Structures are given as C-alpha cells and as structure tokens.
Amino acid sequence: MVAGPAARNPQPLRAGGVACAMFFTAVDVQFAARKWPVARVFAASALATILSMICVVLAIHASLVSALIASALLDGTGHGFGQSGGLTPIGLHVPDTHRAKANAVISIGGYIPAGPLPVATGYLIDRVGLASAGTSFALMLAVTAPVGGTLALRRAEQHDA
Numbered sequence: 001m002v003a004g005p006a007a008r009n010p011q012p013l014r015a016g017g018v019a020c021a022m023f024f025t026a027v028d029v030q031f032a033a034r035k036w037p038v039a040r041v042f043a044a045s046a047l048a049t050i051l052s053m054i055c056v057v058l059a060i061h062a063s064l065v066s067a068l069i070a071s072a073l074l075d076g077t078g079h080g081f082g083q084s085g086g087l088t089p090i091g092l093h094v095p096d097t098h099r100a101k102a103n104a105v106i107s108i109g110g111y112i113p114a115g116p117l118p119v120a121t122g123y124l125i126d127r128v129g130l131a132s133a134g135t136s137f138a139l140m141l142a143v144t145a146p147v148g149g150t151l152a153l154r155r156a157e158q159h160d161a
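Per full-length UniProt numbering, the very first residue in the sequence shown carries number 1; after that it's consecutive.
Wrong hints could be hidden among the right ones.
[To be verified] Quick list of simulated restraints, FRET-style, between CB atoms: (1) Tyr123 / Pro37: 38 to 48 Å; (2) Pro95 / Tyr123: 36 to 46 Å; (3) Val147 / Ala104: 19 to 29 Å; (4) Pro118 / Leu151: 18 to 28 Å.
It is worth saying that the hints were derived from the structure and are not from the lab.
Computed from a predicted structure; not experimentally measured.
Yeah, the Cβ is synthetic: ideal placement off N, Cα and C, and Gly gets one too.
Work out the full structure, taking the sequences as your base and the hints as a guide.
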C-alpha cells in the first residue's frame, strides 16, 4: 500500500504490532467511554472512522507509513466506540435471559455487512489498482460512518426521551 523503504523491506512483526495496537486501542476506548452517553459514543465512533479513512487515503496517495499507522489506531478507536455503543444498551436494557440473542443479532448486523466490502475491494484492486480501489473503499466507509452514526444518535435520543 505504501511505497518507499517500508514497502521494499516488509517486516511482518511491525505489521503485527500495528494490528495489535489497533485492537488494544479498541479495548482502551471502551473503558474511556463507560461514563459517556451512548449518543456521544456513537458520534465518537463515526468521527474516528471518518478520520481513519482520511488517513488511509493519505497513506495510499502520499506513501506515508505514519498515516497508515494512524489509520489503524483510529480504526481501533472507531471500532471500540462502536462496540461499546452497541453493547452498552444490551447490558442495560435487555433481560439476562435474552442477552445472548441480542448479542448475536448485533453481531450479525455488524459483521455481515463488514465482510463483502473488503472482499469487493480486493476484486476491485485486481481491476483498477490499489490507489483507486483503496480510495473507493475509504470513501464508502467515510460516507457510511456518519449515516450509521446519525441513525444511532437518533435512535439513542428517542430512547432517552
């Protein structure tokens, strides 16, 4: 994805470290968001996702490894906030006897749409190249994040009212 010394000298340990940092970030922000209202958590998730996609485009077109790392950390932030925003209402409002079902539904609702987009992007990379396909992927997520965030905010506000 990124040209330059990092592309000529790939280091799987570095890539794994960035992925690990992304997941740790996702966990850390969930602790930070425990006291936040759900609406704020969803807004933060959408914002972090948009910023992550801006960093992806910057990494692709400017060949900046630092932008790619920032994108991963922001993606972890967005994912962690999204998880917290989705699971908190289940813990607060769903009876114990139905939490497993509610958790399954939220997982299906979140992960089924998450699968086809990267797969389609892989096929698109084969057709048009990494820069165009990666930018298309980032634009799709940057547009989808505020739409989903807005819907979640409205739903949370309706529930609080």
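Okay, the hints, checked on the actual structure:
Between Tyr123 and Pro37 the Cβ separation comes to about 40 Å, which falls inside the hinted range of 38 to 48 Å. At roughly 43 Å, the beta carbons of Pro95 and Tyr123 sit within the given window of 36 to 46 Å. Separated by about 24 Å at the C-beta atoms, Val147 and Ala104 satisfy the suggested range of 19 to 29 Å. At about 22 Å, the CB distance of Pro118 to Leu151 agrees with the hint of 18 to 28 Å.
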